[in-house]
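Modelling step: build the complete structure from the supplied sequences, incorporating the hints.
Residue numbers (my numbering), protein chains in the order written: chain X, 1 to 106; chain L, 1 to 728.
Errors might be hidden in some of the hints.
Stated by the list, open to error - In silico SDA-like links for lysine to any residue, alpha-carbon gap of 20 Å or less: (1) L:665 x L:693; (2) L:185 x X:96; (3) L:427 x L:493; (4) X:69 x L:403; (5) X:67 x L:154; (6) X:69 x L:155; (7) L:427 x L:489; (8) L:255 x X:67; (9) L:196 x L:184; (10) L:157 x X:53.
To be clear, the hints were calculated from the coordinates, so they are not data collected in a lab. Keep in mind it's a predicted model, so treat the numbers as computed, not measured.
This is what each chain is made of:
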Amino acid sequence: MNFTVTSEIKNSVAELTLSGSLDSGSASVFQAEIQKVAGNVPTEMVLRVSELSFMASAGLRMIVFAKQKLGPSVQIYLVKPQDQIIDTLQMTGFIHSVHIVDKYPV
Amino acid sequence: MAESNFDTRIDYYPTHEHKGIKYRRGHVLPFGATMVPNGVNFSIYSSAAFSCTLVLFEKGADQPYTEIPFPEEFRIGNTYSMIVFDLDFETLEYGYRMDGPFNPEAGHRFDKTKILSDPYAKAIGGRDEWMAPPNWENVYPHRSRLVFEDFDWENDKPLETPIEDLIVYEAHVRSFTKHESSKVKYKGTFAGIREKIPYLLELGVNCLELMPIYEFDEYEHSKTNPETGEMLINYWGYSTLNFFAPKSGYAATGKYGMQVDELKTLIKDLHANGIEVMLDVVFNHTAEGDHRGPTISFKGIDNNTYYMLTPEGYYYNFSGTGNTLNCNHPVVRNMVLDCLRYWASEYHIDGFRFDLAAILGRAQDGSPLNNPPLLESLAHDPVLAKCKLIAEAWDAGGLYQVGSFPAYGRWAEWNGKYRDTIRRFLKGEEGLIGEMSQRLQGSPDLYSTRGTAAGINFITCHDGFTLMDTFSYNEKHNEANGENNNDGNNDNFSWNCGWEGETDDEGINILRHRQIKNALTLLMVSQGIPMILMGDEMGRTKYGNNNTYCHDNDLNWLNWDLIEKNADIYYFAKHIINFRRNHPVLRNRDHFRNSDYMGTGYSDISFHGTQAWNADWSESSRVLAYMLDGVHAKNGFTTDDTVYVAINMHWEALPFELPHLPEGKSWHVSVNTDMPSPYDFHQHTKEPVMEDQYSCILGPRSVVILLGKKPNLTKKKTNLKTNKKSKK
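Okay, here's the thing in structure tokens:
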């Protein structure tokens, strides 16, 4: 399934909506979007991922990239991730880098 | 400042093309497959190949999508290298074909029909999920893959815990949490261990030694047990496919190719909780077996370099498994060094235990070397400088080097003599008091110039009986291994306490539990580095099987319900481990001097018997006591209580006269293994003062620890009691 990502800035919060499959082929697209919103110096980043069906290793790395790009004080929220995504985040330990929420604002 | 811009570098543009795949001359070093801008750099060594071809697969595909021969101009010396562009890092699988002579007498076994795995591959596909049925017709079953090496370690680094402060816990990744009773979500995996970190913390250990986690093939030599129909497999994993790749089947995420991230997260979390990670590494042989074994990698790349060969071209078998890695060949030596540096730097591994390490000291013709270059290189390597290096100082070819392993001031050893002496003493053999005194002191007879930390003390390990079985079986019972009980060690120095195997006899079970507590106590009060086998702290049994290398079942899986069943052992184990942690006088790095160099009126160590200051060294003696003066702890750089340990391995209770303490100090009871739980130990700082300060009675086959210190604030006093129910 093709990967798509859109973004907007609302009240200093970067909101990105992801869908499809995030792997090594699509990670660079996601990375470019992160870099674009980072220019606005957001205070929080919200990833709406309910339509994201798969996240490979390269996708996980983009979350770490976002954290490093935005700085440790910027919290990252994953809104309504699918079970497979949560499982992957748990098993690899990346879950400690993000907040899993059902809606945002929390 | 100018920004670096790879796009402007001319060496990252293709110069060649093969069926639409673009490539160019590569970098010779590093060996392996390395991600570079726009592509992947491949580099491999072979001293005798005529030519080399890079073979590329889409992940899981039956056949390669392309094969690119290395142009002759890409060969520098005996290395082939090229950069291939526009590859998908996550879905690429690669290998090599090597064309060269097939002349076994000369050591060459080239076969260009085989696709060969890269010795430097960082991940191996093919056994992604544990015991997932393989495709036996696969043209390339163990496929080299790429990994991302950009893990976010944050502030983590190897802990560098002083070696004398380590308490090692030896565990098998799958066995630790596979049993239903573990109640973890990701059973049998790296992620499962992460869920058990609170348990390790509660137990008190601070170093987790993992049995082999390099990629191996669990199906290797698999067979069916004719009696049970059960499949017997390569469960323990002492047969390496690749030295750089973690076992994918040990990762809950192995099916997604994320085993590297999962393992690194485990290590990072263990470090965050103060627990070091040590790997059991197997550099003595590979999974390729002898001349009848499969060609997977080394055999087809450069057989003559990677293996020790007889003059006729057959394989020396010092490992007992078919072949022997040619560790002191300069190329292999560099590979081992590269490998350990990789694990130390990329995985933050704190130390390595080398399986059958005596092989690492053998020359290419198999003879033992006086100055083995590999061992010396590892000892002085700058990247490994703070890593613990621990040898299993023997091999299957008869080379036994406990006490004489070439150490270069760095190497420690599994002390097999400690295990044997303690076991024999615990079962009641006489004539051992002199040797016991050496083992309890950190074996100065073996390591006179190397200090106590040269010895890893253990009574049990993955090989052999568990502690419970050491006191439940006189003989091994390996019938389930399908080898007519011929495998496994016959010299177990065990004693069944009166009945072979499990029993309802209360007296025998009490004695077994007491013997386990005796063993744990001696292990924790000995100078040197203690190592506990997974599950011994809860009375784990393997039902008398002392060689469970092939069982993916309850024989190996840790049953966590034993914590409840053998609660007395578990609580005692926790106490005695933490007793060691609370008393630095038990963790000296240097040997005792048998003198009073701190001017306290007491030697750093003194030996006693049933009479104070008069140990019974006679042939028939089964008793020994010793006292450590806490002012001498760690060469006097710290202060501790006086610790007095009395051991009675006679079958009768015996009175022990106590040494006098300095003015103001009195004897307190910390441990008495003769007493039933919960009276067998007293909590740290809450030890009751003894009513009788001049003598105590030790029950049959029991150990007592007293602390000499200023009285606690409690007024409660106790007499050292003996257990009337004790079986002799």
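Against the structure, the hints:
no.: 1; hint: L:665 x L:693; in the structure: holds, 10 Å
no.: 2; hint: L:185 x X:96; in the structure: holds, 17 Å
no.: 3; hint: L:427 x L:493; in the structure: holds, 8 Å
no.: 4; hint: X:69 x L:403; in the structure: violated, 53 Å
no.: 5; hint: X:67 x L:154; in the structure: holds, 11 Å
no.: 6; hint: X:69 x L:155; in the structure: holds, 17 Å
no.: 7; hint: L:427 x L:489; in the structure: holds, 18 Å
no.: 8; hint: L:255 x X:67; in the structure: violated, 26 Å
no.: 9; hint: L:196 x L:184; in the structure: holds, 8 Å
no.: 10; hint: L:157 x X:53; in the structure: violated, 34 Å
Hint compliance for this structure: hints 4, 8, 10 are not met, and every other hint is.
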